[in-house]
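Colleague: Listed here are the chains, written in short residue letters.
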Amino acid sequence: MTLAVFFGCAFIAFGPAFSLFVFTIVKDPLRIIILIAGAFFWLLSLLLSSLVWFIAVKACNGVQDPTLHRALLIFGVFFSVLLQEVFRFAYYRLLRKANEGLASISDEDGLDISVRQMAYVAGLGFGIMSGAFSMINILSDSLGPGTVGIFGDSQYYFVTAALMTLALTLLHTFWGVVFFEGCEKSRWWVIAAVVALHLLVAGLSLLNPLYEASLPPVYGITLLMAVWAFFSSGGSLHNLNTLCTRRKAEEESAQ
Amino acid sequence: MRKMEDLISINYVKLLIIALFYTCVSCSSVEKKIYVELNDTVPCVRLLNATHQIGCQSSMSGDTGVLHVLESEEDLDWILNTGPHPPYMIVMETAFFNRSVMLRMKNSSRVSGVAVIVSKTGLAENFSPHTTCPNQNTGVYSASYGPELANCNVTAWNPLGNGLSYEDFSFPVFALKDENQTQVIRKCYEEHNLRVNGSAPQYPLCAMQLFSHMHAVTDTVTCMRRTDLQNRFSINPEVMCDPLSDFNVWSSTRPLNNSAKGHKANESVVIAATRLDGRSFFWEEAPAAEGTVSGIVTLLAAVHALQPVTQQAPPPRNIFFTFFQGEAFDYIGSSKMVYDMERNEFVIDLDNVHSMLEIGQVGLRSGRNLWMHSDPVSLTNSSVMDEVTKMTDNMQSIADGLHISLAKLNVTQPLPPSSLQRFLRVRPIPGLVLADHQTSFINRYYESVYDDAENLNVSYPPNLSPDEQLVFETEEAKSLAEVATLVARSLYKQAGGEERNLNNITADPRIVAQLLYGFLIQKNNSWFRSLLPPEVTKKGANSILSSGPPQFYIGVGPRNIGPVHSVTRFVQYIMANLTGAATNLTETQCQNPESKDLFSYFWVSGPSSVNSSGEPFCVRAPVRLAKAVSPAFERMEYGSRDYSTWTESRWKSIRARVFLVASRELEMLTLGVGVAVLLLSLMVTYFISSKADLLFSSARETPTTTY
Amino acid sequence: MNLERIPNEEKLQLCRRYYLGGFAFLPFLWLVNVMWFFKEAFLKPAYTEQPQLKSYVKKSAMGLLLWVAVLTTWITIFQHFRARWGEVGDYLSFTIPLGTA
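Protein chains in written order, with the working numbering: chain S, 1 to 255; chain C, 1 to 707; chain G, 1 to 101.
Hint data in this document are derived by calculation from the structure and do not stem from the laboratory.
Only a predicted model underlies this, so the values are computations on that prediction, with no experimental measurement involved.
No false leads were slipped in.
Computed cross-link-like contacts, DSS-like style, restricted to lysine-lysine with a CA-CA straight-line distance of at most 25 Å: (1) 39/G <-> 11/G; (2) 33/C <-> 58/S; (3) 58/S <-> 32/C.
Pulled out of the complex, with its shape left as it was, chain S reads as follows (with noise of 0.2 Å):
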């Protein structure tokens, strides 16, 4: 029966990043490696987070105070998001350095893939890696029988599990989108407000269960981030505009 939970938790999840890799990845088999190697770059950093995390707790092992528990669960959560910059800016140059050789790559002569295109793409892959690593052992527990709450939580944690995972991706594709613009733009403030927001980010998810306090944030960021990566990837008002127009002109010429 939570078969329903499943599905549901997955559509929520997955389905907007399912939907822009249908639509907008899976024509280009170059766009398909980059997004590849993103995720790999991705789970570099999580291998790297992952060992320092091992020391550390192997490192506290033993010590029952709570607060101390808390103190490396914060460490950890702000350095893995460090980490992840970190590898997202070697990714970057990687991109940057292997451009010409993608190029050959490309099926198509002529039709090449701008650095906008590449910073959305590997934003993409760090984004549904990301996910799915946030996800998926949830995603696993909410085939059931059993749903959460006999200690008293609440009953909607997988939704908003899977809520978070939704704003998570797509944080990371904007994230990826405006990083790799303040890259080529040599705009440091840029690099240091993602990066900024993804601390914040990382930050308010540790005040969970408190999601009345932690989901309209995180929303309210990812709307800001789209906002900024759609102007950040040559899009303006003008162009809105210009689609309105065009669309309403199109609307008349029909009637």
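Chain S is fixed; fit chains C and G onto it per the hints.
Modeller: Same frame as chain S, but now just chains C and G:
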């Protein structure tokens, strides 16, 4: 709450660990938030014989149901008829665990499982899940042997038996023994599932899942055939069931050469027998106090009492003590011994057997009464008649001296269920069964989990330390010591010993008290530890010396604590220590003695004092183990009607857990939101990507970004 | 392999080989035959080898259908009656499910 806070934030960190330790997925912290595992549960498992399967089983992935605590008749109606959330997982008070309720559950599709709270509160006046006629078809009485006595026609030995243990339930039934876990379940039930003013409780509801999926099915014939087939053809063979088996323990006052099988010239033995096992509705949960322990303790005390006299003034005949394993399941141990005797594969044969005295249930003597049961059919044989009459007269005179009222029964009543019946099947051996019941059993909790120390009236004054309890001579201990004295003197007399030595034979109530304490209260006591090998005592709780009383269910051979059942081990070592002689052999010499023909050698811990562990030493005693597995399995006659065919099914996991289940509406809402998000994102993405050129048109115009 | 680049004689040869191979209790060969050559046999404009190819494909399809029918019937009967057959059922089984009759 602190732990919960860590939970979702783990979106980042939790899985870091998993990246390194992938195995941890199965114990993820999410799972810990959902499920409460109940560790101290006892399942009812499936047993099979030639024609039937009995016991319980869950589906492969466990059976789940909404919890309901059965406390009143009203609850029963709610569960079976009106409750809106079937199927229900029923948590049952002891008082409701009876045949009629269980059969109503069995016939209802609204029940997914039962968990019984085993406690003494609300316990009925009597409860025996066994049949009214134990071992009905494998005793001596049949169409060809005393047909008018067959099938308990004359006496229903266990009239209180409701046959619950022999029903086949298609849902799991567990026993909850741990008070804390019962509390967890109750709390969950009361917080979520309690009806308010008779209306249905609101979701989320508390539910329970029980896993006890059994591999074997239908009957022993089917399951052994399938096991054989798998062994022959399959790449990864799967054994589905194992025969119930263990070991008999035997000993004799004069050592018998164990390496020479078959008839022993000039040897005539008086067999003194009792049974070693019991059972209950639940697996490996069989205290069998009156049913079995009373007999074991009496015979062991008698062995001890006979020891000095048989050394100083050995009677002309040998006395052969034997403890039969698996008697609760159609006489596994005795049928195997008789089978081996017939085929000259045992140390003696049937010609060596002079007579037999069996000790049945002797613990509950009302007014110091005991009865001697004999077989009316073999008494028609005059020589048997003479011997039995002599035996009863002797015993009666001995009993008179002990102020025990011992009565002989008239010859119309058959033998109660007893190992002697298996001997009578092949030869009219003169024999008696000593028991505390004239007709049907006095035991009100025969073969149930309630046949425990309390049922046998073994209780101690408060404020006694374990070591004081160990040697405290309860009334029951004194009473059983009397019976043991009677048994010992009767055996000596029956073996042809001289009258004047009889008064030197007296069972020690202190030994009886220690035995009772060890078998009924706490097997991990200082006395048992001193009798057992040092490696057992050192391992402590992981060995056969875990805490609590031993359980008397026979089991299926190679166990995780060694090849031999703990009770068998205890009896073997107690016998060795009570009758053996200490030697000055070293440990290696003791384990590999020059000759094992006449004696076994036991390396035992020795008594320990407060500040030092005991000095181990080597004991030499004619105590032996003999395989107790039904001949049906040796002969591969899995459908045998003559021999026990009981097997125990195998299983992968037995566990129970409690958790909450969400309402259908919430689940559907989640799915709906999911589908909406998916469709919406598909549409939005399609729209944006189709208008990408327009929206992001400036991208290509920026010179720095094109390559 | 690209069917477009093969001359018609070779197609016929191939189809024939698959058709004959199917008789060695290999109905999947017929399945492959039907799938591969259906277009060639029925949809392509006529060519000299087509009638023969057509007959091979038809026969393959018929053989396949026969197999499907026989197997479905047998599987249905077997699944339905295995428990009731008892010993025979066990001997006919390759793997025996645990815990079911």
